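*Asks:* We have chain A already, so just place chains B, C and D on it with the hints.
Protein chains in written order, with this note's numbering: chain A, 33 to 383; chain B, 33 to 383; chain C, 720 to 1113; chain D, 720 to 1113.
Worth flagging that the hints you see were computed from the coordinates, not collected in a lab. Fair warning: this is a prediction, and the values are worked out from it, not measured in the lab. Be careful, since some hints might not be right.
[To be verified] Derived DMTMM-like pairs (lysine to aspartate or glutamate); straight-line CA-CA distance at most 25 Å:
no.	chain 1	residue 1	chain 2	residue 2
1	B	Lys69	D	Glu729
2	D	Lys831	D	Asp775
3	A	Lys377	C	Asp993
[What the hints assert, rightly or not] Facing chain C, from chain B, some residues (calculated, C-beta under 7 Å):
no.	residue
4	Lys63
5	Val263
6	Ser278
7	His284
8	Thr290
9	Ala323
Glycine included, every Cβ here is placed at the ideal spot set by N, Cα and C.
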Amino acid sequence: MEFGLSQEQTLLQDSVNRFLNEQVPLDEVRKVATADKNDKAVWQGLAELGIPALIIPEDKGGVGLGAVEAAIISELLGYHVTPSPFISSAIMAPIALAGKRDDLIANIAAGTCRIGIAFGEAIAAKDKAGVSASGNKLSGLSLFALDIDADYYLVATNDQQLYLVAADAVERKNMATIDLTRTTCELVFDNTAAELISNDTEDFNRALDIGRIMLAADTLGAGQNMIDQAVSYAKEREQFDRPIASFQAVKHMCAEMTAGLEPCRSMVWYAAHAYDHLPEETRLTTCHTKAHISEVGKFVAKTSTEVHGGMGFTDLVGLHYWFKRIGFNRQLLGSPELLRQQAAKLQGLAA
Amino acid sequence: MEFGLSQEQTLLQDSVNRFLNEQVPLDEVRKVATADKNDKAVWQGLAELGIPALIIPEDKGGVGLGAVEAAIISELLGYHVTPSPFISSAIMAPIALAGKRDDLIANIAAGTCRIGIAFGEAIAAKDKAGVSASGNKLSGLSLFALDIDADYYLVATNDQQLYLVAADAVERKNMATIDLTRTTCELVFDNTAAELISNDTEDFNRALDIGRIMLAADTLGAGQNMIDQAVSYAKEREQFDRPIASFQAVKHMCAEMTAGLEPCRSMVWYAAHAYDHLPEETRLTTCHTKAHISEVGKFVAKTSTEVHGGMGFTDLVGLHYWFKRIGFNRQLLGSPELLRQQAAKLQGLAA
Amino acid sequence: MDLSFGAEYETFRTEVKDFIANNRESAPTSRSNAAAAKQWQKTLIENGYTARTIPDAYGGYGAKPDIIQSRIIAEEFADSGIQGGMGGQGISMLVPTLLEVGNEEQKLKFVKPTIEGDMVWCQGYSEPGAGSDLASLRTNAVMDGDEWVINGQKIWTSTAHLADWIFCLVRTEPDAKKHHGISFLLFSMDTPGIEIRPLVDMTGVANFNEVFFTDVRVPAHQIVGNRGQGWQVANSILGHERDMLGNPDAALSRLNSLIELMQKETIAGEKAIDHPVFRDRLMQLQGRIMAMRFNDMRILSSRLNEGQDASLARLIVKLQGTELRHDLEGLAIDVLGELGLAYGDNEYTRNNGTWQSQYMYQLGLIIGGGTSQIQKNIISERGLEMPREPRPAQ
Amino acid sequence: MDLSFGAEYETFRTEVKDFIANNRESAPTSRSNAAAAKQWQKTLIENGYTARTIPDAYGGYGAKPDIIQSRIIAEEFADSGIQGGMGGQGISMLVPTLLEVGNEEQKLKFVKPTIEGDMVWCQGYSEPGAGSDLASLRTNAVMDGDEWVINGQKIWTSTAHLADWIFCLVRTEPDAKKHHGISFLLFSMDTPGIEIRPLVDMTGVANFNEVFFTDVRVPAHQIVGNRGQGWQVANSILGHERDMLGNPDAALSRLNSLIELMQKETIAGEKAIDHPVFRDRLMQLQGRIMAMRFNDMRILSSRLNEGQDASLARLIVKLQGTELRHDLEGLAIDVLGELGLAYGDNEYTRNNGTWQSQYMYQLGLIIGGGTSQIQKNIISERGLEMPREPRPAQ
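Looking at chain A on its own, in the form it has when it is part of the complex (with noise of 0.2 Å):
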């Protein structure tokens, strides 16, 4: 019996961490938030190390690992706030194409092709927005698809069915969030031409779970960093003539996140185990990972900024990236409400 990670799963951890600690700083996510760049450089650069290829079989040019890896991956890029694809292209988008089209995947190992997702009205659609299909045809109106410079969207449609569309097929407009780290867009379908990927709703949900799995893995990456960074903060701040970290109501607030996120790390581990290896838990391990996660994310994305005091609210320290970051997940793929329904619906105890 092993719950943990594997010294293999460890060696992956530190090399991407290095990478990210060296080639991504925050003065670099920075420059790509405040759109003086794209993540396109920082793309590449983990794509020399494998990244877009992580969980694609080897077979299909991809390196073979699972979602546990994924997960860790997810959680690393959280807690560095990086500027990626990753969750859509190396990690959705796969899932979703297997077996359909495999030259895409291809191309997606090669850190050639990016696919962004556009999964938002079929889960919960917004007021006027929604996309249905035709034949090969789509029309309406998709909001905060993930990533502005992807080469192709999968697309679901409100019945949940899946459709893949070239970029340059359709009306693609910047959506800006609170999250400069990630880009969204509206995507306006026309009778725009589509190549149905699945009308299986079970594809949707299978992409649509590991999606959440990666949110959630954000969320405890970046909400660890916060306390790692407010821990941090408060050994080296003083007022009173003491560290602030000396003070019981800091002590104990930075107790409390630890306590609320602690357990967390084992629940995104259990959920993308799950997801390769328990398909019976899968999805209602998934809900209520990606629910609980966003709400100890909220109360250590608030705590940790108090714990920083005025600095924790300026630009000068960058935490906000880190808040907005949890924020963003929060909401994406399902909010904490919809996700604790459908996990009460899994479980036959609503309707």
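*Replies:* The following block gives chains B, C and D in isolation, referenced to the frame of chain A:
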């Protein structure tokens, strides 16, 4: 503009407070609670101060005061966890019976008649319980009716009509609850003779409104006492060679309780004032007042117990009498969830 | 209990209403220039609708203080939606300080131009190393001839880039105990040696500045109070600032906007207001706001009626009010789901993106003006007479 | 990741299952007498299903420690619903302590009768004046000839009225620093001078006792470890107790009972589970329990696999687990509404009134075994290496 207690109100408060301090300290409450005694002697003492007659009009043998005076007395009874039929007999019954049974009202005022309240099933019927009327006969079951020693019960049917039933006409069984300072009973109606008091649901609702305000005031008083005890215990109790009141964690717990409860005082005052003078605001204010104070009270009950450490958990200090009183008030005559639902309905925000 | 202000005040309210109705045209809008704003401010002063209780010798209207009149004026201007009297730290903080502890020359020189909008001030209190522990501030002023020479840095200086002058706490007596070594100086922001850097915060906007002083020379007489008394001078008005935070009327207005939003917005085809979990959270907030509004009425009453004590009610306002607002803005974001993420230049933002910006700004207020932790210290020590933490052994 | 225990352990599990199936008839029930319980305990020891790793020289089964085997045994007995090995503070706390730091004579004398149920123990640690600050205890023992003479008072002594013996912390070196003046004594509860008073708690039951000592005389050799080392002796097993609190499996079992309850109970004609606000709270709790169960798996894994660090995961269990249980029991009460108030001798109680009694008892656990405040100190100091509070100046 004056939003505070008048000199007369303060004098009334002082005299009742003195009586309760001297005549009904915790030791006396314990005797009633542990069934060596009932609350009749306490009620007799309060009758000598005019409490059963408090809100009954002077021309009906009462003192002729209003809901604000009733609320400050209810707060005191909560503060001292006093066993008494105040809310049922002295407040809700005279409101419901006004103009209908002046004879009984005069007896209530004289302290010679007690009237219990059986509203539970009309608010949210429990499984298998519920009361229906046919002609002047009642059938069914009412649970957690207030006051085992009442001479009559005001019974609300499922469709919120009010009936008066003599205690000796009905099968009555004691229902033990966590709160030993109050008695509740099961009433079994089997074609039981009853007198219709009102088939206007507004009469039921007026009696319910003031009952809810009184329970909120009771929780306010009980919560205030728990804070007072916690602060005073913390100042005396030493651990690690200093009073625990000097530890920031303990100070902040007390500050949080105070910050939560202090606005509740104004809320109770306002709700009571609205009851007499601002009819269009009464019901919404009442729902929010009881719901909000129930939530704050729950936090105060738990937190003040924690401040007491192990002593708070024992019967030695007796803090649990307040804890349970607050717990009782929370559920009676409408739980917070139910009240918030009703608040939404009153504003057209829920069906 | 008497919740009305009485007939006399209702007459006064009618006067204010009439004034507003008759002068609506002259009030500046967001498109007006500075001259129009100043002209309007003068009109308001002449009619006693701002600077009302400031003696006319110093440029005010010279009425005797009347809390209800002030409240009625504030209510009516807020209701009408037209511009009331100017705000800013000069008017709300410096002027009361000068009237309280300034000398005659200072009152004559500074009050009138300040209230008339000709002299804009900023506040130089906080420093990077002196936040909760403000009295540990290190910006120092050394006497050289008949001038102070100031070196150091301030932060959270909200209108520094617009201000003509600054009121500033500096350490002038380095050998005194920390609360006794501070002085309160006034000087022009044009003085050589001052550098202003905008301070962008998490909302993405530079709501504040950092201000750096390098050998800034200030005439010796530009001190309020005596040398080493700056802490007391500043504290004579610090309570004012705390009272401004956590206003329940602002929370009510936001709640009403949220209710409107929830009646309009849909989630998977269902109106947000029909979502029972969100509705329950909404009602919880409405209850909390109600409690804080009645608490506020009690505070007002205690200022009007001798013998009423609302000191605890007052101590808790900042703590409760800012947390409440943060929670309220957070509910709106949750209700909106992905739409709640829209920010900045995005046509899908709701209420101009204020749910997100206020969610963050209110967190700033939880921290600023005395963090929630400091507020809890104050409530327990001043309100509940619990002991201060023991002084650490050296 | 490998969540299975492997084939070897599955064989072991089958053996345990077989034993249970074959011996079900012999297991005592709640109506069995003490002799039957002791006989069953002996059978369990002989088969290695309790006292498994205790050397046979001291009456145990003598197997080498194997966490998974222990867990399988616990799981199978729990699942089967038949009585497993005896518990109690003697078996769970004193025996490990003696095996760790007792002398040979003590091990030979006490371990066997204790694990066989012939010798029941209670624990004498806490005092009215020594709770969170346990080391400030004042019950003292003075050497008189070759006997200790003990005076003082203990509290929270859970099985004092049933116990044959007590293991007790007493101050023997009044002049030493507080942690160095304590000794760990063992003595019979029949010793003259001991008075036991039941301590009724908020649940209405005497779950605990107070124990008073007046000139209680105890032979000098009944000390574990040396004079003044009692604090270290006690701490060699204190971690054990903390690990027992906050068990997520117990929370899961309660959650499942709550789900059943909500599917049965109606509120104004509607099933409780169909009430979206209560259902959302239920799902929140399910998520929290899931997190704690996986956290628990991680702790187990770290004990099995060298190099895995789960120290933070372990430090937070008591804090999170007890708060979680308190919240869960509180939700059941809210769901039941007025029915949730029923208590004691009331036919309308649900689940034997355990929702209320556990709501209170879990609050007791939030306080006992290191309050939540002490837990947060420990997490921040040991887990996050934040400094201890400075020592106060005298």
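*Asks:* Each hint needs a verdict: does it hold in this structure or not?
*Replies:* Against the structure, the hints:
no.: 1; hint: Lys69(B) <-> Glu729(D); verdict: 62 Å, violated
no.: 2; hint: Lys831(D) <-> Asp775(D); verdict: 9 Å, holds
no.: 3; hint: Lys377(A) <-> Asp993(C); verdict: 19 Å, holds
no.: 4; hint: Lys63; verdict: 32 Å, violated
no.: 5; hint: Val263; verdict: 5 Å, holds
no.: 6; hint: Ser278; verdict: 4 Å, holds
no.: 7; hint: His284; verdict: 4 Å, holds
no.: 8; hint: Thr290; verdict: 6 Å, holds
no.: 9; hint: Ala323; verdict: 6 Å, holds
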